[in-house]
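As you go down the protein sequences, you meet chains S and F in turn. When you line the first sequence up against the numbering used here, it's residues 1 to 304, in that order. When you line the second sequence up against the numbering used here, it's residues 1001 to 1371, in that order.
Just so you know, these hints were derived from the structure itself, not from any lab. Because the structure is a prediction, the values reported are computed rather than measured. Check the hints yourself; a few may be wrong.
To be verified - Some chain S residues flagged as far from chain F (calculated, every beta-carbon gap over 12 Å):
no., residue
1, 68
2, 70
3, 91
4, 94
5, 118
6, 161
7, 200
8, 292
Said to hold, decoys possible - Calculated pairs, SDA-like style, for lysine to any residue (alpha carbon to alpha carbon, straight line, at most 25 Å):
no., chain 1, residue 1, chain 2, residue 2
9, F, 1264, S, 59
10, S, 36, S, 161
11, F, 1257, S, 56
12, F, 1257, S, 60
13, F, 1202, S, 270
14, F, 1257, S, 231
15, F, 1131, F, 1347
16, F, 1202, S, 125
17, F, 1030, F, 1081
18, F, 1338, F, 1323
19, F, 1192, S, 270
20, F, 1164, S, 5
21, F, 1363, F, 1152
22, F, 1181, S, 275
23, F, 1202, S, 130
To be verified - Pair by pair, the computed Cβ-Cβ distance ranges are:
no., chain 1, residue 1, chain 2, residue 2, range
24, F, 1185, S, 285, 34 to 40 Å
25, F, 1133, S, 283, 42 to 48 Å
26, S, 7, F, 1193, 23 to 29 Å
27, S, 125, F, 1081, 26 to 32 Å
28, S, 69, F, 1370, 38 to 44 Å
29, F, 1135, S, 295, 56 to 62 Å
30, F, 1370, S, 278, 35 to 41 Å
31, S, 143, F, 1173, 35 to 41 Å
32, S, 160, F, 1193, 42 to 48 Å
33, F, 1042, S, 197, 55 to 61 Å
34, S, 283, F, 1135, 45 to 51 Å
35, S, 110, F, 1193, 46 to 52 Å
36, F, 1323, S, 125, 49 to 55 Å
In this text, a Cβ means the ideal position worked out from N, Cα and C, and glycines have one as well.
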Amino acid sequence: MSSLDIFFQQLANGLILGSFYALVALGYTMVYGIIKLLNFAHGDLYMCGAFVGFLFLSLVSGLLGESWTGILCSMVLSMLTIGLLGVLIQRVAYRPMLSAPRLSILITALAVSMVLSNGVMALTDGDYEAFNTDLGFEGLEMGNVFITYTQIVLVVSAALLMLTLFFFINRTMYGKAMRAIAIDQDACRLMGINVNRVIALTFFIGSALAGAAGVMAGVYYGSIHFFMGFVIGLKAFTAAVIGGIGSIRGAMLGGLALGLLEAFGTQIPFVGSEWKDVFSFGILILLLVFKPTGLLGKTEIERM
Amino acid sequence: MKKRILTAALGSALAGLLFLGQSAWAADLKIGIMVPTTGSEATAGKDMENAILLAVDEINQAGGVLGMQVTTMTGDDACDPQQATAAASKLVSSDVTAIVGGYCSGATLPTLKIYGDAGLPFAIAAANSTKLIDANQGNAFLVNSTGYDQVNTAVELFAAKGAKRLAVIHQGDGYSEDLAKLTREKWAGDGKEVVAYEVVNKGEQDHSSLVTRIKSKAPDAIFWTAYYADGGLVIKQLRRSGYRGLIAVGDGSNSPKLLEIGGKATEGVYCFSNPSVDYLPTAKAFTDAYKNKYNQAPDAYSTLAYDSMMLMADAITRAGSTEKAAVIKALSETKDFKGISGPVSFTEQNTLGHSNFVVLIAKGGKWVLAE
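Okay, chain S solo, but in the shape it has when bound (with noise of 0.2 Å):
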């Protein structure tokens, strides 16, 4: 492979890797933008996306086969789930806590966090399930770069999940509310906003497409068990951070920006891959020491 081959394989890399951070992140700044609230649980609800993608997909596939429509169907069924799962969280555990100081409801996420992923480590003992959808190794060979037909369906899903909630958030009515309330809350109400609907629709959006995320790394990754969601959950609320929390285009940038760096992390030269994470993490201190709000983030202006 020359290193023109090697950069291209890594850009494709970064993007794969990069869309599935995005959709995660997204969820977290959505519920930040809304409530200032850093969802800890967020990465658990990609965990159980995933569970509940490989619950249904062993389900119908007696009846479609683990082909394309039963991975699409158990996709849908599973955002619907835990987009629902979202709803109940945020109704139990985070609206009785709104008014609370913002440590208690940061702790209560946490608390979330444990419940879910011990929760699917009790019901499953801890083991690994084997999302065994065998989609085959074909694809698309330009020179040595090579890029298979799942990894661009999954970055083209992606983008379309991506595209409808950049149009839900800035072409229709409740878009519209989500971003007032992310203003004020209270002139919200006041201007007769049904505020804790719109927050529980934010939350729906948001785990559903964790959801959506859980499953389609099940299907291409092959392998799910309870613990999946902690390391994308961190890596996802970096990419947030990246792109500026609170910011919807910051996260879907944030997202791909962190797959970027991560896969040519991989390639500095004279030092192992081992040093990838470093270099990643080091240049997120860095922008937040240069650029606390991130790429897209606004400076907030508090009056007293």
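Position chain F against the provided structure of chain S, taking the given hints into account.
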């Protein structure tokens, strides 16, 4: 007062019985078994005890050792260094001729001094930490291969398959890094090239950038020294990227789950494994006898336990006496003893003369013995 008299009477009666018992069975050969029969490793320990008792049955049916019937006494080490010390002292004071067993390396280690001071011949069936080699006073013999042997088996396979450029991947934990480091040293020591030496973070799912990096170094063989869960993912992504060379995994990946997770990408992957009944053609008769007696299938270390008992009986026969020093000498002179886990000879350090690791290959979603 009355009670005390009763106790005393009972006590002397018991002592009398014991004395009688001892004189009646004086011509017996008593072997101590040390395995964990309680605690977290109890399943493995019981399985080893079963295998040893099966060996004793067969020995006694064939007329015993030097005309003596073999009896056993089990000491429970509970896989705990403290309890192992107590169990060992008890075995030593019970006048056993020899010890077989040893499953947990950590629990076996402190007993080496006790058996060594007593000069008891000890066949260590399963425990295989390299630390045991240094603590050995010359009376203990390792029937299982140590970590060094897996490296030798691996390097032999790579060389036999014509590999020149090796890539090694580990996960940064003590076990897999050790294996990776030893392999790298051995491979480089043979004058060949290690083109990539990489580490994968635990729990990460996407290894595509690492795969690209490794592929760009064009290795002929890749050795994954860590565990099955991440191994399955790495293998899948290597094959997906179009890598077609040899892939081998260490014994930490010896699990059907690796094949399940990696799917058809794992076809043809090699794996190094301790000799266990599933893969030994020589163990057929043993498996049948074990199932007959215990109504369950033998577990991973049963063949090694069986072999160590048979080896001890063989050494005592060759020594021609139950004198401890003579038995130890006979053990050290063991030449190609035919165990079901493979032939047994010992090095000067009392470790196995050659690696007993078997090479498995993934075929049709199952691990089978490689040619």
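Here is what the structure says about each hint:
1. 68: holds, 17 Å
2. 70: Residue 70 of chain S clear of chain F: closest Cβ-Cβ about 16 Å, beyond 12 Å.
3. 91: At roughly 31 Å from the nearest Cβ of chain F, residue 91 of chain S sits farther out than 12 Å, so the non-interface label holds.
4. 94: Answer for residue 94 of chain S: holds, closest chain F Cβ roughly 27 Å.
5. 118: Label holds. Min Cβ-Cβ 16 Å, cutoff 12 Å.
6. 161: About 19 Å separates residue 161 of chain S from the closest Cβ of chain F, which puts it past 12 Å; holds.
7. 200: holds, 31 Å
8. 292: For residue 292 of chain S, whose nearest Cβ neighbour in chain F is about 27 Å away, the distance exceeds 12 Å, so it holds.
9. F:1264 / S:59: Holds. Residue 1264 of chain F to residue 59 of chain S sits at ~22 Å (cutoff 25 Å).
10. S:36 / S:161: Judged against 25 Å, a Cα distance of about 24 Å means the pair holds.
11. F:1257 / S:56: holds, 21 Å
12. F:1257 / S:60: holds, 23 Å
13. F:1202 / S:270: Given pair residue 1202 of chain F, residue 270 of chain S holds - Cα atoms ~23 Å apart, limit 25 Å.
14. F:1257 / S:231: It holds: about 22 Å lies between the C-alpha atoms, which stays within 25 Å.
15. F:1131 / F:1347: holds, 16 Å
16. F:1202 / S:125: holds, 19 Å
17. F:1030 / F:1081: Answer holds: residue 1030 of chain F to residue 1081 of chain F is near 24 Å, not above 25 Å.
18. F:1338 / F:1323: holds, 24 Å
19. F:1192 / S:270: holds, 20 Å
20. F:1164 / S:5: Status holds; Cα separation ~24 Å.
21. F:1363 / F:1152: holds, 24 Å
22. F:1181 / S:275: Given pair residue 1181 of chain F, residue 275 of chain S holds - Cα atoms ~18 Å apart, limit 25 Å.
23. F:1202 / S:130: holds, 17 Å
24. F:1185 / S:285: 34 to 40 Å: Roughly 36 Å apart at Cβ, these two residues keep to the hinted range, so it holds.
25. F:1133 / S:283: 42 to 48 Å: holds, 47 Å
26. S:7 / F:1193: 23 to 29 Å: holds, 25 Å
27. S:125 / F:1081: 26 to 32 Å: With Cβ atoms ~30 Å apart, the hint holds.
28. S:69 / F:1370: 38 to 44 Å: Taking Cβ atoms as reference, residue 69 of chain S and residue 1370 of chain F lie about 40 Å apart, which means the hint holds.
29. F:1135 / S:295: 56 to 62 Å: holds, 59 Å
30. F:1370 / S:278: 35 to 41 Å: At 39 Å between Cβs, range holds.
31. S:143 / F:1173: 35 to 41 Å: holds, 38 Å
32. S:160 / F:1193: 42 to 48 Å: holds, 46 Å
33. F:1042 / S:197: 55 to 61 Å: holds, 56 Å
34. S:283 / F:1135: 45 to 51 Å: holds, 49 Å
35. S:110 / F:1193: 46 to 52 Å: Given a distance of about 48 Å, which is inside 46 to 52 Å, the answer is holds.
36. F:1323 / S:125: 49 to 55 Å: holds, 52 Å
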